[in-house]
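Go ahead and model the full structure; you've got the sequences and the hints to work with.
Chains as they are written, first to last, in my numbering: chain A, 1 to 126; chain B, 1001 to 1192.
I should point out that these hints are in silico values taken from the structure, not numbers from a laboratory. Note that the coordinates shown come from a computational prediction; the quantities given were computed from them, not determined experimentally. Every residue gets a Cβ at the ideal spot worked out from N, C-alpha and C, and that includes glycine. Heads up, some of the hints might be wrong.
[As the list claims (entries may be wrong)] Heads up, incomplete: computed chain B residues facing chain A, CB under 8 Å, no partners named:
{"no.": "1", "residue": "V1033"}
{"no.": "2", "residue": "R1034"}
{"no.": "3", "residue": "A1039"}
{"no.": "4", "residue": "R1041"}
{"no.": "5", "residue": "A1042"}
{"no.": "6", "residue": "Q1059"}
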Amino acid sequence: MAEMEVERALERLFAQAPESSDAGAFAESVQRRLDRGWAARRVLIGAAGLVGGVIGASQLIMSNLFSRAEAVSSDSARVLTSGVRQIAPQADWLIDGPAGIEAVWLVAGLAVVAMGLVLTRIIEEI
Amino acid sequence: MSRAERHRLSSLHDVELASLAAAGDRQAFGELVRRHGSAVRALLRRMGVDASEADDLAQDAFISAFESVAEFRGEGTFGGWVKKIAARARIRRVQRNKQLRSRLETPDLTETPPPQDPGRRMDLDEALKGLAESERLCVSLCYGAGLSHAEAAEALNLPLGTVKSHVKRGLDKLRARLGSEGDATEERRGNG
Chain A
1 MAEMEVERAL ERLFAQAPES SDAGAFAESV QRRLDRGWAA RRVLIGAAGL
51 VGGVIGASQL IMSNLFSRAE AVSSDSARVL TSGVRQIAPQ ADWLIDGPAG
101 IEAVWLVAGL AVVAMGLVLT RIIEEI
Chain B
1001 MSRAERHRLS SLHDVELASL AAAGDRQAFG ELVRRHGSAV RALLRRMGVD
1051 ASEADDLAQD AFISAFESVA EFRGEGTFGG WVKKIAARAR IRRVQRNKQL
1101 RSRLETPDLT ETPPPQDPGR RMDLDEALKG LAESERLCVS LCYGAGLSHA
1151 EAAEALNLPL GTVKSHVKRG LDKLRARLGS EGDATEERRG NG
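Given below as structure tokens:
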């Protein structure tokens, strides 16, 4: 047998692996391992999120952040109102409307959430 | 999994199943394991791994394959890709055993085993058992897992020349064995 012939015969013989009688059971055991890993990962992420949330919330409460945020919010609301009035005097209806400056904050908040969603989607696509 | 879902998955091509698996579909990956599990386990056994360890290694290889299935672009076959992962996993495992390196580097000068009973059919598994461990590993890596000589040398952390000579000696022994079996088959055909 020539060398090339032996090489071809070997490749052919290696490719002809007999189908195992327990092929289905083997596939199921792999899938069980995958499922276990997946479940463990979800529990781990959930637990990490919970711990992080609890720590974050306790830090927020302990640092008296809400009263500080209120003060910053009222200051920035004044700046925002004057800014909006200077840029677009005709937008007074928005600020002086029934919802007032809260509507502006709400829109800004929704815009941030929308941007977050877009960013998440982009990261998923990448 | 419902019968309809299983039927749907079984009708898909490996590349389609791999892209579903890359999106997190574990059922699709299960179908790939069903298709290629036997071949991967057979390769490991041909590399000289015993049956239970071969199953264990093959499972690890498929788990690694699932974790990096997004890297499979369908350039080669899915089975070939997983075989390479499994073969490399086998090498990593045996390399933990320090003695292996010295065994692989030392040329094995054992005589070619006598040909089998000519009445038996050409059997790769039996023929491989006649090779030294280093030859069997190198031949299996190059012809079973589809690694080039250079890739096998890199995976085994051996000089390229050493791998080439193991493959050459292994091929010579296999040629003698498979050739004699082939001749015996031809002879039987002629007599029949």
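Cross-check of the supplied hints:
1. Contact between V1033 (chain B) and chain A, as hinted, is supported at the beta carbon level, the nearest pair being about 4 Å apart and thus within 8 Å.
2. A hinted interface residue such as R1034 (chain B) counts as satisfied when its beta carbon comes closer than 8 Å to some beta carbon of chain A; here the least separation is about 4 Å, so the hint holds.
3. With its C-beta approaching chain A no nearer than about 4 Å, A1039 (chain B) sits inside the 8 Å limit, and its interface hint holds.
4. Given hint, R1041 (chain B) at the interface with chain A, holds; its Cβ is 6 Å from that chain's nearest Cβ, closer than 8 Å.
5. Taken as an interface hint, A1042 (chain B) checks out: its beta carbon lies about 4 Å from the nearest beta carbon of chain A, inside 8 Å.
6. Proximity of Q1059 (chain B) to chain A holds as hinted, the smallest CB-CB distance being about 5 Å (cut-off 8 Å).
Of the hints listed earlier, there is not a single one the structure fails to meet.
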